[in-house]
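Engineer: Sequence:
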Amino acid sequence: MNPAKPPALSAGLRKMAVIGPAAFLNSMGIGSVNLGLIFILREVFHAPPAMVGRFGALWSLVYFASCLVFRNLTARLVPRNSMTFMTAASAVIILSLCAVPSLPAAFIAYSAFGAVLAFFWPPLMGWLSRGLEGRDLSRATGLFSFSWSLGGIVSPYLAGTLSERGKFLPLWFAVAMFTANAVFLQVSKRFLRDSDERPAPSLARSASVRDESTPLRFSAWTSVFVLYAAVGILANIFPLFARAELGLSESRTGLLITVRTAATTAGFLFFGRSSFWRFRKGLLPVPTSLAAGAALILALAAGVLPVLAAGLVIFGFAAAWAYNSSMFYGASGASDRDRRMTVHEALLTVGQVFGSLLGGILYQASSMRAVFLFTAFLAGAGVWTQSWMARRRFGETPAQRPPLGMDGRLFPGPSAENGDPDSTEKSDELPGHGSAG
Numbered sequence: 174m175n176p177a178k179p180p181a182l183s184a185g186l187r188k189m190a191v192i193g194p195a196a197f198l199n200s201m202g203i204g205s206v207n208l209g210l211i212f213i214l215r216e217v218f219h220a221p222p223a224m225v226g227r228f229g230a231l232w233s234l235v236y237f238a239s240c241l242v243f244r245n246l247t248a249r250l251v252p253r254n255s256m257t258f259m260t261a262a263s264a265v266i267i268l269s270l271c272a273v274p275s276l277p278a279a280f281i282a283y284s285a286f287g288a289v290l291a292f293f294w295p296p297l298m299g300w301l302s303r304g305l306e307g308r309d310l311s312r313a314t315g316l317f318s319f320s321w322s323l324g325g326i327v328s329p330y331l332a333g334t335l336s337e338r339g340k341f342l343p344l345w346f347a348v349a350m351f352t353a354n355a356v357f358l359q360v361s362k363r364f365l366r367d368s369d370e371r372p373a374p375s376l377a378r379s380a381s382v383r384d385e386s387t388p389l390r391f392s393a394w395t396s397v398f399v400l401y402a403a404v405g406i407l408a409n410i411f412p413l414f415a416r417a418e419l420g421l422s423e424s425r426t427g428l429l430i431t432v433r434t435a436a437t438t439a440g441f442l443f444f445g446r447s448s449f450w451r452f453r454k455g456l457l458p459v460p461t462s463l464a465a466g467a468a469l470i471l472a473l474a475a476g477v478l479p480v481l482a483a484g485l486v487i488f489g490f491a492a493a494w495a496y497n498s499s500m501f502y503g504a505s506g507a508s509d510r511d512r513r514m515t516v517h518e519a520l521l522t523v524g525q526v527f528g529s530l531l532g533g534i535l536y537q538a539s540s541m542r543a544v545f546l547f548t549a550f551l552a553g554a555g556v557w558t559q560s561w562m563a564r565r566r567f568g569e570t571p572a573q574r575p576p577l578g579m580d581g582r583l584f585p586g587p588s589a590e591n592g593d594p595d596s597t598e599k600s601d602e603l604p605g606h607g608s609a610g
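Numbering follows this note's numbering, with no gaps: position 282 of the sequence shown is 455.
Be aware that a few hints might be false.
Stated by the list, open to error - Listed next, the in silico SDA-like pairs over lysine to any residue satisfying Cα-Cα at most 20 Å (straight line):
| no. | residue 1 | residue 2 |
| --- | --- | --- |
| 1 | K340 | V265 |
| 2 | K454 | M562 |
| 3 | K454 | R564 |
| 4 | K340 | K454 |
| 5 | K362 | M298 |
| 6 | K340 | S422 |
| 7 | K454 | G553 |
| 8 | K454 | R565 |
| 9 | K362 | S422 |
| 10 | K340 | A264 |
Hints are computed from structural coordinates only; laboratory data are not their basis.
Work out the full structure: start from the sequences and follow the hints.
Structural biologist: Structure (structure tokens):
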């Protein structure tokens with residue numbers, strides 16, 4: 174009798190012995206740099222809030238632009254080599270800033286850091302998904318999500334604690350994380366050789382593939398823009414408010430950010446394992462509505478720490494819901510998923526840039542209450558837009574408009590016609606990374 178063929182997932186699990194730790198170490202380094210630099214900008218270089226907002230927006234823009242510019246190059250590189258380049262280059266960039274600390278150097282270093290980041294996450298995601306489909310892919314990406322999310326939970330509190338002992342200690346810690354990751358990635362070649370680790374194949378879009386996209390993606394994209402505008406505010410402007418007006422230490426500020434990232438991680442796990450929200454048109458405005466409610470609560474009682482923590486939890490959970498919806502509805506039925514994922518990343522980036530820039534300007538000109546009220550207004554406008562889309566059946570083709578009496582599931586194809594949201598392959602649910610938190 175021939176031995177049974179090992180399941181396809183075993184290859185994915187072997188990959189995760191490298192991908193999981195590498196994602197965790199990278200997330201730890203990124204989180205430490207992001208929060209550590211905010212404290213340095215404000216308390217060492219005395220940058221005004223609007224400049225801090227521009228600083229955060231610049232990093233997001235450079236990262237997204239680099240993903241587009243270097244897309245063909247990173248696709249031709251072996252993933253571990255590309256990832257090693259990013260980690261080693263990041264260590265050198267951050268070391269340079271520590272050696273020559275100044276405000277112009279910080280802007281240059283942070284921009285360069287955002288650019289080289291494009292050599293890590295896209296190749297990693299391509300390597301992870303290669304050779305896996307359906308539930309096997311979902312399990313492998315679940316392990317990946319847990320790894321980078323864990324780094325996003327731990328790093329803000331750690332960066333805040335280190336910053337209390339020395340403003341540049343979070344950057345030195347990040348250098349250690351990136352260096353350790355570079356060494357780990359190269360050493361891992363000795364104990365793990367993976368046939369799936371190869372440059373990404375060049376696949377032309379097939380003209381014969383029928384596009385069966387769901388129009389629900391437009392409402393989901395509205396949510397993800399609004400929620401990640403809020404994320405831009407909470408990541409870049411909120412720490413300034415916590416330090417200057419609430420009088421919180423760096424470690425307590427980091428702990429509050431950890432509360433939000435932990436809620437986002439819990440949301441990723443919850444929505445990745447549940448199906449009740451799929452193809453339920455009436456649920457699409459819920460994350461945007463949650464954001465509006467949380468922003469109003471924070472505008473009225475941001476100085477009360479339990480209320481503040483509760484608001485951050487709501488924001489974190491709603492961001493995970495919006496993120497999952499955007500990826501799921503964007504990929505479902507699409508004949509060109511790469512392009513849809515580019516739209517998803519673009520909306521995340523534009524949202525974060527918009528929130529960071531406007532939040533910084535409003536906070537400097539007025540107060541954090543004005544920033545939260547602006548966020549509530551933006552979320553309310555998002556809910557109105559989603560309601561308008563639902564009433565007008567925005568984006569639907571005539572074939573997608575259901576007859577009277579149907580429950581509103583607009584996704585074309587056998588799975589939706591049978592009313593089984595679980596029948597959609599989970600390969601549509603590739604998680605995100607550096608922007609999620």
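Engineer: Run every hint past the structure and note whether it holds.
Structural biologist: Hints, verified against the model:
1. With a C-alpha separation of about 19 Å, the suggested pair K340 and V265 falls inside the 20 Å cut-off, and the hint holds.
2. Between K454 and M562, the direct Cα distance comes to roughly 10 Å. Compliance with the 20 Å bound is thereby established for this hinted pair.
3. Restraint check: the Cα-Cα separation between K454 and R564 comes to about 11 Å, which is no more than 20 Å; the hinted pair holds.
4. Restraint check for K340 and K454: the C-alpha separation of about 48 Å exceeds 20 Å, so the hint is violated.
5. Under the criterion of a C-alpha separation no larger than 20 Å, the hint pairing K362 with M298 is consistent with the structure, at around 18 Å.
6. Distance restraint check for K340 and S422: the Cα-Cα separation of roughly 12 Å lies within the 20 Å cut-off, and the hinted pair is therefore satisfied.
7. A C-alpha spacing of about 18 Å is found between K454 and G553, which places the hinted pair at or below 20 Å, so the restraint holds.
8. The straight-line distance between the Cα atoms of K454 and R565 is roughly 13 Å, inside the 20 Å bound, and the hint therefore holds.
9. For the hint pairing K362 with S422, the CA-to-CA distance comes to about 42 Å; that exceeds 20 Å, so the pair is violated.
10. For the suggested pair K340 and A264, the alpha carbons sit about 17 Å apart, so the restraint of at most 20 Å is met.
Going down the numbered hints, you'll see the structure goes against 4, 9, while the others check out.
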